[in-house]
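> For reference, the chains in residue letters:
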Amino acid sequence: MPQTIAPEFATLIADLGRAIGPKYVLWRVEELMMYEFDGSALDLARPDIVVVPASTAEIAAVVKIAAAAGFPIVPRGGGTGLSGGSVPAAGGVVVATSRMQKVLHVDPVARTAIVQPGLINTELSEYTLPWNLHFAPDPSSQKASTIGGNSAENAGGPHCLKYGITTNHVLAATMVLADGSILHIDTTAPDRPGYDLLGVIVGSEGTLGMVTEITVRLTPNPEGVKTFLAIFDDLDSASDTVSAIIAQGVIPAALEMLEGQGIALVEQSVHAGYPLDAQAVLLIEIDGTDEEIEDQTARIEYICSHFEARELRAAKDEEQRKKLWAGRKGALAACARLAPHYHIQDGVVPRSRLTEVLQLTREVAKRQRVHIVNIFHAGDGNLHPLILFDIREPGIIDRAIAASEEIMRECIRVGGSISGEHGIGIEKRDYMSLLFNEDDLWAMRQMRACFDAVGVMNPCKLIPTGASCGDIKHARGAAKALAAGAWI
Amino acid sequence: MYRPSTIQELANQIRDHRGPLLPLGSGSHQVLGNPAVVDSTIIDTTKLSVVSDYIPSDLTITVGAGITLGALQELLKPNNQWLPWDAPQHHSATIGGLLAAGLSGPLRHSAGTPRDWVLGMHTVSGDGRILKSGGKVVKNVAGYDVHKLHIGALGTLGVIAEVSFKIAPLPNADQSLAFVCRDLLHAYTLAYQLRERPFNPAALLIHADTNRVVTLLARWTGVAAMVARQVAHARQQAATYDDYETRAWEPLLNAPFGNSQHTQLRIGIPPQHVAAVIPLLQSLIGEAGALHLLPTVGLVRLLDATAVDVVALRAKLLPYTGYVVVESGNHPNRWGPAPEGFAIMEQLKRSWDPDHKLNPGRSFIARLTS
Ligand SMILES: Cc1cc2nc3c(=O)[nH]c(=O)nc-3n(C[C@H](O)[C@H](O)[C@H](O)COP(=O)(O)OP(=O)(O)OC[C@H]3O[C@@H](n4cnc5c(N)ncnc54)[C@H](O)[C@@H]3O)c2cc1C
Chain A
1 MPQTIAPEFA
11 TLIADLGRAI
21 GPKYVLWRVE
31 ELMMYEFDGS
41 ALDLARPDIV
51 VVPASTAEIA
61 AVVKIAAAAG
71 FPIVPRGGGT
81 GLSGGSVPAA
91 GGVVVATSRM
101 QKVLHVDPVA
111 RTAIVQPGLI
121 NTELSEYTLP
131 WNLHFAPDPS
141 SQKASTIGGN
151 SAENAGGPHC
161 LKYGITTNHV
171 LAATMVLADG
181 SILHIDTTAP
191 DRPGYDLLGV
201 IVGSEGTLGM
211 VTEITVRLTP
221 NPEGVKTFLA
231 IFDDLDSASD
241 TVSAIIAQGV
251 IPAALEMLEG
261 QGIALVEQSV
271 HAGYPLDAQA
281 VLLIEIDGTD
291 EEIEDQTARI
301 EYICSHFEAR
311 ELRAAKDEEQ
321 RKKLWAGRKG
331 ALAACARLAP
341 HYHIQDGVVP
351 RSRLTEVLQL
361 TREVAKRQRV
371 HIVNIFHAGD
381 GNLHPLILFD
391 IREPGIIDRA
401 IAASEEIMRE
411 CIRVGGSISG
421 EHGIGIEKRD
431 YMSLLFNEDD
441 LWAMRQMRAC
451 FDAVGVMNPC
461 KLIPTGASCG
471 DIKHARGAAK
481 ALAAGAWI
Chain B
489 MYRPSTIQEL
499 ANQIRDHRGP
509 LLPLGSGSHQ
519 VLGNPAVVDS
529 TIIDTTKLSV
539 VSDYIPSDLT
549 ITVGAGITLG
559 ALQELLKPNN
569 QWLPWDAPQH
579 HSATIGGLLA
589 AGLSGPLRHS
599 AGTPRDWVLG
609 MHTVSGDGRI
619 LKSGGKVVKN
629 VAGYDVHKLH
639 IGALGTLGVI
649 AEVSFKIAPL
659 PNADQSLAFV
669 CRDLLHAYTL
679 AYQLRERPFN
689 PAALLIHADT
699 NRVVTLLARW
709 TGVAAMVARQ
719 VAHARQQAAT
729 YDDYETRAWE
739 PLLNAPFGNS
749 QHTQLRIGIP
759 PQHVAAVIPL
769 LQSLIGEAGA
779 LHLLPTVGLV
789 RLLDATAVDV
799 VALRAKLLPY
809 TGYVVVESGN
819 HPNRWGPAPE
829 GFAIMEQLKR
839 SWDPDHKLNP
849 GRSFIARLTS
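In order, the protein sequences belong to chains A and B. The letter at position 164 of the first sequence is residue 164 when you use the working numbering, and the numbering goes up by one with no holes. The letter at position 253 of the second sequence is residue 741 when you use the working numbering, and the numbering goes up by one with no holes.
It should be emphasised that the hints constitute simulated quantities derived from the structure, not laboratory data. Be careful, since some hints might not be right.
Here are some chain A residues the structure puts well away from chain B; computed CB gaps all over 12 Å [what the hints assert, rightly or not]:
1. Glu31
2. Lys143
3. Tyr302
4. Ala365
5. Ile424
Covered stretches of chain A (chain B as the covering partner; in silico rule of three or more C-beta atoms under 8 Å from a C-beta of chain B) [said to hold, decoys possible]:
6. 149-158
7. 165-178
8. 182-189
9. 195-204
10. 279-293
11. 412-423
Backbone N, C-alpha and C fix where the C-beta goes; we use that ideal spot for every residue, glycine too.
Could you build all of it, start to finish, from the sequences and the hints given here?
Structural data, given as structure tokens:
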């Protein structure tokens with residue numbers, strides 16, 4: 001492998017090395033290859049350079065140097081994103097947060113923590129356990145994704161049904177802007193005058209700036225938890241049960257569904273105790289005080305029996321509870337046994353429309369001749385149809401894309417959205433215009449330009465940009481994306 | 489004066505208008521911020537009150553911004569639902585106006601602010617474009633949450649025309665107690681005792697009146713047995729208390745914003761610093777008419793505060809990163825120092841309202857627009 005520095009990068013590499021230490025500037029091909037994809041493997045694009053700074057000041061220095069040399073900046077956390085957010089679509093400098101993983105401060109009275117962006121999600125809750133506090137957003141990727149990445153994607157997770165998504169838990173952020181200046185937006189003093197910049201920073205997928213420090217809200221651990229598995233002989237009864245639980249005013253801590261072939265696949269690989277012949281299972285978790293749990297248990301039992309659940313099983317102890325969850329958490333890996341390649345959809349529908357949209361995914365699967373398994377956050381209507389296939393089959397990629405598009409359009413038709421938590425990134429960028437018109441997108445572009453007039457920060461993501469991003473390598477790389485799925 | 493009954497009409501009026509415009513809901517909170525520019529043309533939004541989408545089983549609703557919060561709650565009630573948003577003057581104030589003013593009430597201790605309940609908006613920009621952001625479903629990360637920028641912006645970035653909310657089941661029990669306390673510190677300490685895990689009141693408000701009587705009001709909502717347990721626990725914590733009707737909160741919630749003749753201050757302090765600031769706040773009780781404190785949120789309102797030296801107060805709060813805003817009454821510097829990110833905010837104002845039509849002179853952005 002060639003180890004010589006391309007001449008056009010030599011000065012930049014030297015400058016970056018002076019700013020943060022040469023050891024933390026990566027430019028050899030084999031080093032860069034690690035940063036070519038994210039969790040979706042949707043898109044492959046090799047960064048020109050990767051830097052691993054250790055502080056806000058170092059990130060500011062890196063941004064100044066790289067931007068002055070005309071290179072885009074692409075922030076990267078755990079690299080688990082599912083929409084291509086941390087893939088350097090237009091090349092440039094990837095700024096990784098893996099040396100910024102500290103919890104800087106915990107305030108048990110105000111119930112807040114100040115953390116560095118590279119901190120892994122679960123590590124924060126482990127750290128705050130002695131105070132009986134935790135960070136509520138719990139994406140299924142929480143053992144590998146970072147608080148910085150969660151904030152950038154406005155991540156959700158099973159327990160966001162009751163506790164809210166990331167934007168409801170971020171109170172302050174320090175951010176390095178495209179010109180290398182440092183912005184600190186702090187909402188811990190309530191109702192401070194000024195526009196709610198933090199509201200747009202969270203969920204901005206690294207396109208407004210690079211977040212270098214975050215203050216998050218911590219949530220008291222519940223007094224008790226109870227987890228149920230509801231087993232159904234048909235899909236409609238299961239989705240009607242979900243709708244009824246919400247309609248009855250019960251907000252469980254989590255309400256997850258697995259259906260169809262997925263159940264048997266999961267059971268065979270995880271042995272969570274799911275019946276092989278069930279058509280759908282619901283994982284229902286409630287938490288709170290004894291009084292609250294008792295009240296909700298009665299209501300859930302009633303609803304499940306009304307919709308003729310074959311069985312409603314309650315985990316008797318922590319071990320059984322973990323087992324039930326292991327099924328949900330291991331579902332993705334288990335399904336990969338069905339077909340070697342997959343693509344995860346992230347559409348959202350109103351909860352009252354679940355039954356019909358789930359039916360539609362079945363029809364789409366038939367029509368496009370792909371496998372579709374739904375494993376998803378049913379309680380908030382966030383579908384994750386997992387489209388499974390084998391790319392060696394001729395024409396399959398087009399059919400998989402067609403299936404994905406059909407489902408997206410249906411989500412919009414019933415009043416939903418194209419993404420509930422995985423973000424737009426590159427993957428769904430061109431579908432934004434199904435949801436928003438030119439004026440809406442204009443307003444978003446204008447807002448973005450207020451932070452970054454030149455387009456240094458994570459360009460070609462989130463909003464259809466027209467001409468300037470038209471010739472990006474792999475910009476519409478679904479075929480590659482799916483091919484790369486084999487790697488996961 | 490304009491009185492649009494559809495968003496399209498509103499957009500046309502704004503687009504075709506020359507000169508300053510003043511979007512107005514019910515007018516209940518017009519005392520907030522700088523006085524409007526004298527020759528402003530009013531846009532009365534109260535006819536934009538259509539309920540376009542209410543699906544009780546989804547716990548979501550989409551309404552015109554001109555509906556009052558009270559009317560919205562009445563609409564939800566028959567389905568045993570509500571928006572846990574107890575903003576001042578909710579009977580008369582429109583949701584558009586309340587959002588623009590960024591107002592909420594003591595329930596924010598447990599339920600957060602409307603920012604946490606708004607799913608999406610339709611707004612009209614200064615050049616008359618109808619803009620959508622967010623959506624109608626409870627989870628949605630498509631695009632930037634630009635609607636959040638309008639909350640608390642006093643109508644300077646656009647006119648809020650339609651709003652989608654996530655709503656909540658109405659709790660089956662709702663009970664309040666009022667504790668007469670020795671002083672602010674006592675009330676503050678008691679408030680924190682009441683929210684010790686696993687307990688959590690729905691709302692906590694400390695009120696000090698002109699006679700310097702300090703009262704802690706606490707409200708619990710939720711499952712009846714849990715509310716009962718918390719109330720019993722609370723009664724053990726303090727000798728003197730009164731059972732308090734939930735309705736009895738209202739005069740207290742509405743007390744601020746009533747009167748533009750008197751100086752009213754808003755003070756914000758990060759919750760972790762409230763304890764340290766208690767002696768300072770206690771000393772203000774003598775100087776001002778009355779004081780409201782949300783102890784866990786760090787929000788203070790001082791009524792009849794003409795005698796308070798705002799400049800000195802700002803200096804004293806600086807080490808705690810607190811701020812003071814003069815919400816009503818005259819003051820040469822009602823907003824205090826420019827907020828962090830002011831250049832971005834100015835740029836945003838210029839982008840979305842290029843001719844400075846919307847509410848020129850109001851809000852912190854006034855230094856730019858007036
Ligand atoms: C198996 C699996 C399960 C998943 N389950 C969920 C789930 O339940 N819920 C959910 O929401 N998501 C889920 N995801 C998606 C993904 O894990 C989340 O989007 C996560 O928040 C990404 O975090 P990350 O640290 O890996 O970020 P990355 O993938 O590294 O980056 C994501 C985006 O954030 C930006 N970014 C990262 N750090 C910063 C920073 N410091 N400043 C500015 N921008 C930054 C990047 O530029 C990129 O646009 C799942 C992914 C996988 C692979």
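> Tell me the numbers of any earlier hints that the structure contravenes, in ascending order.
Of the numbered hints given earlier, the structure breaks just one, which is hint 5.
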